[in-house]
Amino acid sequence: MTDIVIHTKDLTKQFGTFTAVDHISFDVQRGEIFGFLGANGAGKTTAMRMLCGLSIPTSGEGWVAGFDIATQQEDIKKHIGYMSQKFSLYEDLKVWENIRLYAGIYGMKTDEIERKTRLLLDKLHFTKECNALVKSLPLGWKQKLAFSVSIFHEPQIVFLDEPTGGVDPETRRQFWEMIYEAADRGITVFVTTHYMDEAEYCNRVSIMVDGRIDALDTPSRLKQQFNAHSMDQVFRRLARKAERSE
Amino acid sequence: MNPVIVNDIHKHYGDVQALRGVSFEAGRGEIFGIIGPDGAGKTSLFRIMTTLILPDSGTCRVAGFDVVKEYKEIRKRVGYMPGRFSLYQDMSVEENLTFFAAVFGTTIEENYHLVADIYRQIEPFKTRRAGKLSGGMKQKLALCCALIHKPEVLFLDEPTTGVDPVSRKEFWEMLKRLKAEGITMVVSTPYMDEARLCDRIALIKDGRFLGIDKPNNITASFRTPLWAAKSQHMYHLLNDLRAYPDIDNCYVSGEYHHFTTRGEGFDTDALNRYLTSKGHAAEVKQIEATIEDCYMHLAKTASRESE
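Which chain is which? The protein sequence lines are A and B, in order.
Under numbering that gives the first Met the number 0, read the first sequence as residues 0 to 245, first letter to last.
Under numbering that gives the first Met the number 0, read the second sequence as residues 0 to 306, first letter to last.
Partner residues are not named here, just some residues of chain B that face chain A (Cβ under 8 Å, in silico):
(1) S133
(2) G135
(3) G161
(4) D163
(5) Y234
(6) L237
(7) Y250
(8) V251
(9) G253
(10) E254
(11) Y294
(12) M295
Cβ-to-Cβ under 7 Å is the rule here; a few derived chain A residues that face chain B:
(13) L138
(14) G139
(15) P168
(16) D231
Computed Cβ-Cβ distance ranges for the label pairs, DEER-style:
(17) B:T58 with A:T16: 56 to 64 Å
(18) B:Y12 with A:K93: 18 to 26 Å
(19) B:K175 with A:H228: 16 to 24 Å
(20) A:N130 with B:A179: 49 to 57 Å
If you are wondering where the hints come from, they were derived from the structure by calculation, not from laboratory data.
Even for Gly, the Cβ is constructed at its ideal location relative to N, Cα and C.
When you get a sec, could you build the whole thing from the sequences and use the hints?
Written as C-alpha cells, this is what we have:
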C-alpha cells in the first residue's frame, strides 16, 4: 500500500441537487504521471479541489499522501504542489521573490532556499532574469517557472491543472520533459489537459464524463479498447454520450 | 484583389522587435492559419490587420483598404475575436449581441442566419451574464458578436485556447460553414491538429514567417528521415537517445520520442543494440512527419541561424 499515493473510493461531491463528482474510485502510484481528462463541466476541477484539500467530499473517501481528504486538509496541503494555468505566480513580484515566497510558505529554511534558488535559476537558464518581474516574462517561461516553483519544496504529489494552455509545441515539449524528470525523481504527477496528444505522455489516463470516471487505463490500451488510433478519438467517443454540458 | 494583403510589416516596442518583415496574402473564403509560440508576434500582427496599432513600416490592406489611411472603412468590414475574452461581462448574452449589432448599424434579425447555428446553442442562456458563462460558451458568444455585422474578413486570435476537444471540433465546423459563405478567415492557434484544418498555414517565430504553404505541402517538404522510439522508461530513453552520436534533434512526442539523424544511412541495428545495452526494451521505427514535427524542425533551424 505504501506505493499508492492517491486513493479514492466512491468519492462524491454534490452542490444542492447537482452531483458534480459521482462515486469515483481510483488509485495513483508513486512516480506515476496520471492524466485526468474530461470535457468542460465533467467534474474534473471539483474532483481535483477535493484531492488538494480545498473542498470537503459529500460522501465516499479519499487519501492523498497518506492523509484523509475529509479531515486532514492542512496536512495534505503541506505535502503537495499545485500549479494551474489561471493562477500560479504573482505577476508583480520578481522571479526570485516568487520562489522565496512559495518556499517560505512551505516552511523551507532560508539557506536551503538560497542554495536551491541558485540551482533552479541555473538549470532554467533564468539567472539573468532573477530580478525581472514575472509579468515581463513570456508565457512559456512563466509556465516552466511556475512548475519549478510548485515542486520546489519536493512534494510527494504535484497537481497540474491545464498547465500548458496556449503554449506552442516546442515549449510544451520542454514542459513535458520537466514533468518526466520530476516523475523520475519519484514525484507523482496528477495532470489535467485539453490536449489529447498530451494524454499520450501519461502512464495512465482517466476520462470523466458527467461526474463519473468512464475509462481508466494506459493510453495504448484505451486506444485498443475503443478501437481508436488517437486519444482524441477515444475522448470524442466517450464525450459524445455526455448528457450534461458546461 | 485579395481580401488580406500584408507586405513586409515591421513593428517594435522599445528594444523588442515584434515583427521583422512579415508578408502574406489570404484569398476570399480562405482559412489562413498562423502557428507559433507565445511572443512570436502573432497578436501584434492581428492588431495591425485590425487597425488597432500602427506598423513601423510595410503596408497592409484588408478588404481593399489601407490599414493606416482607411482604417474606418476596414473597421466596418472585419470581425475580430481577440485572444482574451473581451465582451461585456456584466451584460447578458443577448445584450452583448444586440450591442455589437447596434454598433455596426445592424440588428440580430438581419444577419441571424449567419450566427444561427452557433447562437442556438447559447440561446437557452440568453439572459445569463456573459461573465458567468463557461469557456466554451464564452467563445461561441464571442464568435457571434464578431459575426453579427456580416464581416468580409474574420480575425480569430487563438479562439480555442482552453476549450475542450469536443467544443473545439464544433467550433471548426462553424468556421467551415463561414468559409462556404465566402468569409475570409485569419486564425492563430497553438493546436497543430487545427493547423491541418486551414487551407494554408504560416509558421511564425521571433517575428518572422518560417514558411507558408498548404498543410500537406509543409509535411511533404520535411526531407530529413524521421524516427520514433519508445521503451518502458521514457525519461531515460530520452537522455540515452540524446547521448547517441548519430542522433541530431530528439524531442518528446507523446507515446514516442521523435528524432532526426546525422548523415546518410542510419544504422538502426546499432541503435537497437545500444538501447538494449542501456536496459531498454525499445521499439524504433521510421515515421512520416506531422505538422508538429515540421514546426519543431523549423524552430530548431531558426534558432541555430539566429545564434
